[in-house]
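Could you put the whole structure together from the sequences, leaning on the hints where they help?
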Amino acid sequence: MTGLSPETVTSPTNAHGLCGPGGLPDLGAPREPITPQEVERIRRDFPILARKVRSGHELIYLDTAATAQRPSCVMDAMTWFANNNYAAVNRGAHLLGEESTEAFEDARARVARFFGATPSEIVFTSGTTAALNLIALSLGELAQGEPPASSAVPHICPGDRIVVTQAEHHANLVPWQRLAARTGAELAWIDAGPDGRLNLESLAALIDSRTRVLAFTHASNVTGAVTDVARLVEAARSVGALTVLDAAQSAPHLPVDFRALGVDLAAISAHKMLGPNGIGALYGRREVLEQLPPVFTGGSMVEIVTMTEATFCPPPGRFEAGTQPVTEAIGWAAALDYLSHLGMDRLAEREAKLTARLLDAVTGIPGVRLLGPADPADRLGVVALDIEGVHPHDAGQYLDDRGIAVRVGHHCAQPIHRALGVRASTRASVGLYNTEAEIDAFAEALANVRPYFGATQ
Amino acid sequence: MSEPSGLESLYRELILDHYRRPRGKDLAPTFDAESFQVNPVCGDEVRLRVKLGAASSDELGGTDILGQVTWTGTGCSISQASTSVMCELVRGEDLGRVAELEAAFGRLMHSRGLGLESEADEDALGDAIAFEGVAKYPARVKCALLGWMALKDALAKAVAGDSSPAPGPKG
Ligand SMILES: Cc1ncc(COP(=O)(O)O)c(C=O)c1O
Chain A
0 MTGLSPETVT
10 SPTNAHGLCG
20 PGGLPDLGAP
30 REPITPQEVE
40 RIRRDFPILA
50 RKVRSGHELI
60 YLDTAATAQR
70 PSCVMDAMTW
80 FANNNYAAVN
90 RGAHLLGEES
100 TEAFEDARAR
110 VARFFGATPS
120 EIVFTSGTTA
130 ALNLIALSLG
140 ELAQGEPPAS
150 SAVPHICPGD
160 RIVVTQAEHH
170 ANLVPWQRLA
180 ARTGAELAWI
190 DAGPDGRLNL
200 ESLAALIDSR
210 TRVLAFTHAS
220 NVTGAVTDVA
230 RLVEAARSVG
240 ALTVLDAAQS
250 APHLPVDFRA
260 LGVDLAAISA
270 HKMLGPNGIG
280 ALYGRREVLE
290 QLPPVFTGGS
300 MVEIVTMTEA
310 TFCPPPGRFE
320 AGTQPVTEAI
330 GWAAALDYLS
340 HLGMDRLAER
350 EAKLTARLLD
360 AVTGIPGVRL
370 LGPADPADRL
380 GVVALDIEGV
390 HPHDAGQYLD
400 DRGIAVRVGH
410 HCAQPIHRAL
420 GVRASTRASV
430 GLYNTEAEID
440 AFAEALANVR
450 PYFGATQ
Chain B
0 MSEPSGLESL
10 YRELILDHYR
20 RPRGKDLAPT
30 FDAESFQVNP
40 VCGDEVRLRV
50 KLGAASSDEL
60 GGTDILGQVT
70 WTGTGCSISQ
80 ASTSVMCELV
90 RGEDLGRVAE
100 LEAAFGRLMH
110 SRGLGLESEA
120 DEDALGDAIA
130 FEGVAKYPAR
140 VKCALLGWMA
150 LKDALAKAVA
160 GDSSPAPGPK
170 G
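Quick mapping for you: the protein sequence lines, in order, are chains A and B.
Residues in the first sequence are numbered consecutively from 0, following numbering that gives the first Met the number 0.
Residues in the second sequence are numbered consecutively from 0, following numbering that gives the first Met the number 0.
Keep in mind that a hint or two might mislead.
[As the list claims (entries may be wrong)] Here are the computed distance ranges between Cβ atoms for each label pair:
hint: 1; chain 1: A; residue 1: Ile47; chain 2: B; residue 2: Val40; range: 22 to 30 Å
hint: 2; chain 1: A; residue 1: Pro365; chain 2: B; residue 2: Asp161; range: 45 to 53 Å
hint: 3; chain 1: A; residue 1: Val173; chain 2: B; residue 2: Val158; range: 33 to 41 Å
hint: 4; chain 1: A; residue 1: Asn82; chain 2: B; residue 2: Asp122; range: 55 to 63 Å
[Said to hold, decoys possible] Where chain B lies over chain A, by a calculated footprint (3+ residues, C-beta under 8 Å):
hint: 5; stretch: 378-392
hint: 6; stretch: 408-419
Note that these hints are calculated values from the structure, not bench results.
Virtual Cβ for every residue (Gly too), placed ideally from N, Cα, C.
So this is what it looks like as structure tokens:
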């Protein structure tokens with residue numbers, strides 16, 4: 000047998016003719032809006048959606064913001080690779096090692112293409128949380144050394160300022176709290192208004208010559224509010240502050256091009272965008288990555304190691320210590336191909352319609368308060384609700400009994416809940432596989448929650 | 000009578016009643032020990048205070064009893080009702096008995112909805128048997144145990160003579 004080309008390696012499902020291994024060409028993707036027939040076809044790609052849950056109910060999965068279900072082609076790509084090519088990447092001189100390394104780098108190139116980056120700007124991490132921690136830890140490391148003459152990345156000193164927002168997931172807040180504590184910098188934040196949108200009036204007061212970092216979410220995983228990235232990037236640039244974007248929630252639902260957005264660094268998770276869990280990426284502009292020191296050290300990321308010293312690989316390898324999750328990288332690339340084939344713009348358009356329907360339905364229910372912007376134009380289909388007199392756990396349990404999967408609790412974002420005057424919420428979030436009928440079923444069940452718990456007086 | 004659905008077996012009328020009208024939910028100003036427990040998954044909180052008393056009857060030979068147990072908190076119907084039912088069950092019992100009840104309730108919660116093996120446990124738990132349905136939902140077991148954890152912690156402190164206020168946001 001001759002060596003397999005990377006195309007063959009990563010294109011197992013070609014044979015099944017479903018979602019393109021190697022990606023069906025983006026340009027060939029149909030440009031018409033997504034039809035109900037197409038949604039039915041999409042749903043068939045997700046076997047789990049046919050599963051029956053509690054008391055034989057159809058599953059209505061409205062928890063995509065926590066993690067998305069995966070289409071068969073993603074699982075097939077991983078299985079196919081595992082059965083045919085799997086070995087450690089960047090290691091063996093043998094055929095499988097070579098194929099695995101090629102497939103891993105091919106996956107990186109596809110991730111880069113999807114996000115408007117070059118392959119060397121994509122660092123594989125275990126997910127968004129790991130990517131954000133990596134940035135904060137690396138900046139902390141840098142702050143301990145001598146300040147360089149000039150740098151694309153800040154050397155954070157006592158009295159400097161790190162700015163975040165009140166809408167952050169803990170993953171884009173706690174690492175900055177720690178960095179501030181470590182460096183003596185001040186942590187400041189942009190407040191969220193009553194509908195969860197950021198109060199950008201305060202920008203001028205927060206972004207000045209002392210500001211070194213501006214870290215913010217592209218879309219809130221609670222309110223769904225989408226951030227005006229251009230405005231924040233412009234403000235940060237005007238003072239030379241580093242921008243860090245948490246794109247965990249936006250990447251699955253909007254076309255996201257990091258170069259076009261103009262951010263310095265960004266974080267994403269595969270599992271929220273139809274990919275496997277355990278993998279994600281840190282995007283970094285090349286000049287920025289080049290100046291960040293590594294955080295995890297060990298195998299794969301070094302050039303020459305003596306008993307006392309080591310030199311490090313250039314990015315992205317410098318940040319990828321240890322044996323890399325190659326199977327997951329391949330699964331993620333397959334997921335991105337699937338999304339590209341459908342077209343992120345078409346998906347965004349369809350999800351906006353579902354979101355509008357969902358918002359419309361929930362705002363009419365007595366005692367149910369929407370936590371987030373009411374206008375679908377300002378937000379994603381991540382819809383958190385406060386149900387008067389009913390604890391989110393109880394609401395979630397009631398919905399679960401009808402086969403409806405939602406998330407309850409604080410969704411790893413306590414500050415924004417506190418800002419909106421609640422401890423926790425019930426959150427429904429839509430994905431490309433949800434239907435209008437499912438939204439209606441959710442709304443109908445939701446309307447029964449307060450009566451069931453006797454909360455209607 | 001038809002089998003109650005999963006939901007009905009979870010939200011027994013008794014549970015909803017205790018949720019709407021919680022018992023003992025009136026934090027006493029004086030106490031021998033206090034505990035504050037939070038469920039990190041959902042942020043549910045219980046602050047609970049105990050006061051010990053000496054049993055008067057000869058038969059009990061001066062052992063400590065749980066004289067008073069009061070609490071406050073926020074949370075789901077399961078955590079709130081469970082704490083409420085617990086208060087009624089343990090108040091006035093001697094500490095050995097309280098420990099037995101606590102263990103029996105723990106066994107009920109880990110029964111995976113298959114019921115208790117021991118009839119003695121069943122008899123002892125009284126109204127708390129209503130929480131049997133919770134055991135079928137592993138994610139909710141912690142809710143039902145929140146108040147019991149606070150009680151266990153507070154009693155351990157009381158016996159050790161530790162009457163310091165428990166940390167955490169004031170209820
Ligand atoms: C906005 C946002 N940021 C960060 C994260 C963390 O992502 P992960 O758990 O995949 O690292 C999430 C997911 O929960 C999120 O929604």
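We went through each hint and held it up to the structure:
Separated by about 24 Å at the C-beta atoms, isoleucine 47 of chain A and valine 40 of chain B satisfy the suggested range of 22 to 30 Å. A beta carbon spacing of about 47 Å between proline 365 of chain A and aspartate 161 of chain B agrees with the range 45 to 53 Å that was offered as a hint. For the pair valine 173 of chain A and valine 158 of chain B, the beta carbons lie near 37 Å from each other, so the given range of 33 to 41 Å is met. Hint check: asparagine 82 of chain A to aspartate 122 of chain B, Cβ distance near 57 Å, so the stated range 55 to 63 Å holds.
Using a Cβ-Cβ cut-off of 8 Å, 3 residues of the stretch 378-392 of chain A lie near chain B, which meets the minimum of three, so the contact claim holds. Under the rule that three or more residues need a Cβ within less than 8 Å of chain B, the assignment of the stretch 408-419 of chain A holds, with 3 such residues.
The earlier numbered hints are all upheld by this structure, with none contradicted.
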